[in-house]
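Heads up: the protein sequence lines correspond to chains A and B, in order.
Going by this note's numbering, the letters in the first sequence line up with residues 1 to 266, in that order.
Going by this note's numbering, the letters in the second sequence line up with residues 1 to 433, in that order.
Misleading hints may appear alongside valid ones.
In silico lysine-lysine, DSSO-like type, Cα no more than 27 Å apart, as pairs [stated by the list, open to error]:
1. A/K240 - B/K288
2. A/K160 - B/K288
3. B/K37 - B/K150
4. B/K388 - B/K362
5. B/K122 - A/K158
6. A/K240 - A/K158
7. A/K240 - B/K272
8. A/K240 - B/K267
9. B/K199 - A/K160
10. B/K207 - B/K11
11. A/K88 - B/K207
12. B/K207 - A/K158
13. A/K160 - B/K362
The hints are simulated quantities; they were obtained by calculation from the structure and are not laboratory data.
Here's the letter readout for the chains.
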Amino acid sequence: MTHLFFYLTVAVYGCATIAYLACLLRTSPVLTRWAGRILVVGFSTHLLSTIHLASRMKYLPLTNMQESLSFFSLAIIGSFVFFERRYKVTTLGSFIVPFALILLIASSSLHEVARQLPPILQSNWFWVHALLAFASYACFTIAAGVAVMYLIQRYFLKTKHLGALFLKLPSLDTMDEINYRCLTVGFPLLTIAIISGSIWSEQALGSYWVWDRKQTWSLIIWIIYAALLHGRLTIGWRGKRAAILSIIGFIVVLLTFLGMKHSIIW
Amino acid sequence: MNIIVVGLSHKTATVEIREKVAFSPNQIEKPLSELVKLEGIVEGVIVSTCNRVEIYATTRDIAGGISRIKRFMAEYHHLEFEALESHLYSYHAEAAIRHVFRVASSLDSMIVGEPQILGQIKTSYGYAAEYKSSGIILNRFLHKAFSVAKRVRTETKIASSAVSVAFAAVELAKKILGDLSDKTVMLIGAGEMCELAAKHFLNSGAKGVIVTNRTFERAQRLAEDFGGEAVRFEEFIENLHRADIILSSTGAPHCIIGPKDAEEAIKRRRFKPIFFIDIAVPRDIDPKVDKVENVYLFTVDHLQEIVQANLAQRGMEAEKAEEIIDQEIGQFHKWLSTLEVTPTIVALRNRFDEIRRTELDKTIAGWKDLPPDAGKRLEALTVAMMNKLLHAPSFVLKQSGQGGRVDLYVDALRQLFELEALQRDDEELELEE
Chain A
1 MTHLFFYLTV AVYGCATIAY LACLLRTSPV LTRWAGRILV VGFSTHLLST
51 IHLASRMKYL PLTNMQESLS FFSLAIIGSF VFFERRYKVT TLGSFIVPFA
101 LILLIASSSL HEVARQLPPI LQSNWFWVHA LLAFASYACF TIAAGVAVMY
151 LIQRYFLKTK HLGALFLKLP SLDTMDEINY RCLTVGFPLL TIAIISGSIW
201 SEQALGSYWV WDRKQTWSLI IWIIYAALLH GRLTIGWRGK RAAILSIIGF
251 IVVLLTFLGM KHSIIW
Chain B
1 MNIIVVGLSH KTATVEIREK VAFSPNQIEK PLSELVKLEG IVEGVIVSTC
51 NRVEIYATTR DIAGGISRIK RFMAEYHHLE FEALESHLYS YHAEAAIRHV
101 FRVASSLDSM IVGEPQILGQ IKTSYGYAAE YKSSGIILNR FLHKAFSVAK
151 RVRTETKIAS SAVSVAFAAV ELAKKILGDL SDKTVMLIGA GEMCELAAKH
201 FLNSGAKGVI VTNRTFERAQ RLAEDFGGEA VRFEEFIENL HRADIILSST
251 GAPHCIIGPK DAEEAIKRRR FKPIFFIDIA VPRDIDPKVD KVENVYLFTV
301 DHLQEIVQAN LAQRGMEAEK AEEIIDQEIG QFHKWLSTLE VTPTIVALRN
351 RFDEIRRTEL DKTIAGWKDL PPDAGKRLEA LTVAMMNKLL HAPSFVLKQS
401 GQGGRVDLYV DALRQLFELE ALQRDDEELE LEE
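Looking at chain A on its own, in the form it has when it is part of the complex (with noise of 0.2 Å):
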């Protein structure tokens, strides 16, 4: 059953990407309208699809790479639908639906067994901590996309080419909108996540900093957002500064997601 839905969902996400990526050559309405349409339903599977496997499993799959891969790729569909409807920006569809296709194909691709879950995780602020960490995650997720097209958008207006992607591309005043509001976004979820996380530490282990290799990356994440916000706030950072630190900021995010097994978890 639940494999059922999870292949329903890597089905319609393909249908969702091949539509988002057509409507960056084509402009139609119509198209515009299924893409969101399709993703939606998506979204829907997918996210049954987690609460199926939660409820059977009677914790959030959040315990292991498999799991997280999935419920990072949920998180991400869930607020690109949440902006999309906010910003009117289809385009950025056609960059962030196709990574979390990725990420949900890799997920697959990693099946492992349904275990016995650890006593190490059995405390409430894990799972606060996993959830925030992968809401903010999803926000940066957002946040780089967004300054990937800011980046091209800019390219062509500085190279002056103003071709078919050029009148695609949303303004560059709307991406930096939507790249400054997923940090404000992100940057708070983040924070409480890093505590919540050390409180969990502090439960499991004894202490509410280990100096663990996860634990040391994500103050670097914390702190590259928080010198990014710092700087658009008071100096007023913005456009290709900004876009370029938040690439950064979600490279590291990618890197100590994937790279860095969480020593008091695996």
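Since the structure of chain A is already known, use the hints to place chain B on it.
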């Protein structure tokens, strides 16, 4: 007599080159007078706008005239002839007429159908008329071009669907600045284009206008029109940071905004982007300004691309316009070809008459016992002979107007009988009209 056109436009040259060969309207008298002093060039008009620099002239020697005008353009602006030549196009006879009709009708414009070009040609013609470099043919020619343009405008939808540079500027601004409702526009200098763009920006919701001009009164008047604020020209640099969109079209010979100014302004507004639009040729804004982060500089050249998408739709109307032009070319060409017939006949007649008189006077002076009425008889005899001799050529020449061989006949007669070339002897020709 032939009409020739030599020039370059946005289609053959970038703004960097166009601004080098642009003729400033303030000093147009000098190039105009030099132009008509060129060997073989009879009349001349110089049209210099930001998108094109063209010289219209009349000459007998097409090839020579074209090459002399090309050299003139290079030499006048101290440019290397070889470098410039590749950007220059030239037309003669019917192609020249068609070209000018198309330009005046805005079919050759960067943004097809934009209305400013007609006014610009009228102004250029005004200078030529004022400094007497245009004569009977170009006068008639340009008036015809104006009426063709008017016909195209009223009979096709070219103009009504015209997507002007101004409109393109607004679209581009939205791509950079997003919503325009809280944005301020600054106008530097005045000009039809600039004002039009400002109106478009206000219609699209822009919040305010700052106007500056070398003559402060002018700025005040314009500011009043737009419900904006006037700033003294000396102070506009200090106010740059207050504007999100800056439109510049002064007649300044050098750049008035440099990268330093832009950097300063950007810092003062905490890196909020500025969209510069340079409408002036030569340019007002240093191209290096575009290198400043968060600053986007566009010239009229660049604006073209954003409206490219809308051009296809106007193809049909353009075809209709070309048909109108085809009709008008026929009429004008006919007029042009018969234009020289009468003066040539008159000149030929005068030449014959002159010879007749000289010889008659010589004969009478050497005749000792002249019968009382011999003078009169001889006079009648020679006049009759001359009329008979001239009758056939005059008749053929007048008839050939329709056939198109008239240029050949006129040229042959002028050379065979060493007739004075028809230099801009306007008075005589105007009487003929």
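Outcome of the hint check:
{"no.": "1", "hint": "A/K240 - B/K288", "result": "holds (18 Å)"}
{"no.": "2", "hint": "A/K160 - B/K288", "result": "holds (14 Å)"}
{"no.": "3", "hint": "B/K37 - B/K150", "result": "violated (33 Å)"}
{"no.": "4", "hint": "B/K388 - B/K362", "result": "holds (22 Å)"}
{"no.": "5", "hint": "B/K122 - A/K158", "result": "violated (36 Å)"}
{"no.": "6", "hint": "A/K240 - A/K158", "result": "holds (12 Å)"}
{"no.": "7", "hint": "A/K240 - B/K272", "result": "holds (12 Å)"}
{"no.": "8", "hint": "A/K240 - B/K267", "result": "holds (15 Å)"}
{"no.": "9", "hint": "B/K199 - A/K160", "result": "holds (25 Å)"}
{"no.": "10", "hint": "B/K207 - B/K11", "result": "violated (36 Å)"}
{"no.": "11", "hint": "A/K88 - B/K207", "result": "holds (24 Å)"}
{"no.": "12", "hint": "B/K207 - A/K158", "result": "holds (26 Å)"}
{"no.": "13", "hint": "A/K160 - B/K362", "result": "violated (80 Å)"}
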